[in-house]
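Engineer: Construct the complete structure from the given sequences, taking the supplied hints into account.
Using this note's numbering, you'd call the opening residue of the sequence shown number 22 and step up by one each time.
A portion of the hints provided could be inaccurate.
[Unchecked claim] Straight line, CA to CA, 27 Å or less: simulated DSSO-like cross-link-like pairs of lysine-lysine:
id, residue 1, residue 2
1, Lys56, Lys90
2, Lys81, Lys56
3, Lys231, Lys174
4, Lys90, Lys174
[As the list claims (entries may be wrong)] Have a look at the derived ranges for each label pair, beta carbon to beta carbon:
id, residue 1, residue 2, range
5, Glu83, Arg126, 16 to 22 Å
6, Arg62, Gly252, 57 to 63 Å
7, Val104, Asp220, 51 to 57 Å
8, Arg177, Gln92, 35 to 41 Å
9, Arg62, Glu260, 51 to 57 Å
10, Gln92, Leu213, 40 to 46 Å
11, Glu262, Ala170, 35 to 41 Å
12, Ser203, Val144, 18 to 24 Å
13, Thr248, Ala273, 22 to 28 Å
14, Arg177, Leu213, 40 to 46 Å
15, Gly95, His264, 39 to 45 Å
16, Tyr196, Ala257, 15 to 21 Å
It should be emphasised that the hints constitute simulated quantities derived from the structure, not laboratory data.
The C-beta atom is built at its ideal place from N, Cα and C for all residues, glycine as well.
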Amino acid sequence: MPQTAILGAGVMGETLLSGLVRAGRRVDNLLVGEKRPERARELEERYGVAVVGNREAAEKSETVALVVKPQDMGDVLDEIAPVLRPGQLLVSLAAGITTAFIESRVPEGVAVVRVMPNTPALVDEGMAAISPGSHCSDEHLAEAEALMASVGKVLRIPERQQDAVTAISGSGPAYIFFVVESMIEAGVHLGLPRSTATDLVVQTVVGSAKMLRETGTHPTVLREQVTSPAGTTAAALRELEIHKVRAAFLAAMEAARDRSRALAEGS
Numbered sequence: 022m023p024q025t026a027i028l029g030a031g032v033m034g035e036t037l038l039s040g041l042v043r044a045g046r047r048v049d050n051l052l053v054g055e056k057r058p059e060r061a062r063e064l065e066e067r068y069g070v071a072v073v074g075n076r077e078a079a080e081k082s083e084t085v086a087l088v089v090k091p092q093d094m095g096d097v098l099d100e101i102a103p104v105l106r107p108g109q110l111l112v113s114l115a116a117g118i119t120t121a122f123i124e125s126r127v128p129e130g131v132a133v134v135r136v137m138p139n140t141p142a143l144v145d146e147g148m149a150a151i152s153p154g155s156h157c158s159d160e161h162l163a164e165a166e167a168l169m170a171s172v173g174k175v176l177r178i179p180e181r182q183q184d185a186v187t188a189i190s191g192s193g194p195a196y197i198f199f200v201v202e203s204m205i206e207a208g209v210h211l212g213l214p215r216s217t218a219t220d221l222v223v224q225t226v227v228g229s230a231k232m233l234r235e236t237g238t239h240p241t242v243l244r245e246q247v248t249s250p251a252g253t254t255a256a257a258l259r260e261l262e263i264h265k266v267r268a269a270f271l272a273a274m275e276a277a278r279d280r281s282r283a284l285a286e287g288s
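Structural biologist: Next up, the structure:
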């Protein structure tokens with residue numbers, strides 16, 4: 022199997038590494054680019070993977086996953102560009118960085134795939150949206166898909182939809198955690214011990230998500246099944262509508278999309 026390099030050994034970089042190992046990738050086919058000596062030793066001991074400099078990792082690999090902060094992307098590309106070659110695949114997990122930006126900094130013919138991951142990848146329940154650049158073959162796209170499938174689900178989308186994806190699934194876990202946090206606080210306000218409220222809310226969210234995925238039933242139908250006429254749920258939902266919670270979610274996600282666009286434009 023061709024060599025794969027992961028440049029950037031932060032949380033998401035290690036998540037991808039551990040996912041690939043669990044998915045059956047041999048560690049001798051994986052390289053990690055990491056400059057911090059103590060972090061390099063930690064990864065070598067934990068996974069048995071070779072940790073080298075970014076440039077060496079890129080030079081020795083057919084596929085290079087760029088798991089770096091958006092503001093560091095330019096410097097990393099400048100560092101590795103001299104050793105990149107046509108047909109090589111760069112898979113970028115940096116929010117707001119376009120394939121055009123990366124292609125402008127690397128040799129002609131290097132394939133680029135843009136990915137918007139999310140943090141549930143940490144528990145192999147990630148949602149990644151991938152978009153091909155201008156030199157990307159079906160084989161390149163399939164390889165990027167296989168990389169991200171090691172930590173969750175993958176969708177192929179046109180790059181113009183990436184800002185919307187960032188707003189929905191990229192930032193999405195934070196919205197869910199915000200709702201969970203609010204429900205726990207409500208439980209405490211209603212007289213429950215915090216630990217009890219936490220157990221009730223977390224399992225309710227997990228169970229509800231599982232119902233959505235496993236039944237394939239529309240969320241409106243599932244909501245109506247819980248909502249008896251003139252009952253407790255109906256009373257609660259009326260308050261949510263009065264406070265325009267649905268409209269607030271729309272406005273929030275529009276704001277996230279707009280910020281994603283601004284980041285892509287460098288502002």
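Engineer: Decide, hint by hint, whether the structure agrees.
Structural biologist: Each hint tested on the structure:
no., hint, result
1, Lys56 - Lys90, "holds, 15 Å"
2, Lys81 - Lys56, "holds, 17 Å"
3, Lys231 - Lys174, "holds, 15 Å"
4, Lys90 - Lys174, "holds, 22 Å"
5, Glu83 - Arg126: 16 to 22 Å, "holds, 19 Å"
6, Arg62 - Gly252: 57 to 63 Å, "holds, 59 Å"
7, Val104 - Asp220: 51 to 57 Å, "holds, 52 Å"
8, Arg177 - Gln92: 35 to 41 Å, "violated, 27 Å"
9, Arg62 - Glu260: 51 to 57 Å, "holds, 54 Å"
10, Gln92 - Leu213: 40 to 46 Å, "holds, 43 Å"
11, Glu262 - Ala170: 35 to 41 Å, "holds, 39 Å"
12, Ser203 - Val144: 18 to 24 Å, "holds, 22 Å"
13, Thr248 - Ala273: 22 to 28 Å, "holds, 24 Å"
14, Arg177 - Leu213: 40 to 46 Å, "holds, 44 Å"
15, Gly95 - His264: 39 to 45 Å, "holds, 43 Å"
16, Tyr196 - Ala257: 15 to 21 Å, "holds, 19 Å"
When the structure is compared with the earlier hints, a violation turns up for hint 8 alone.
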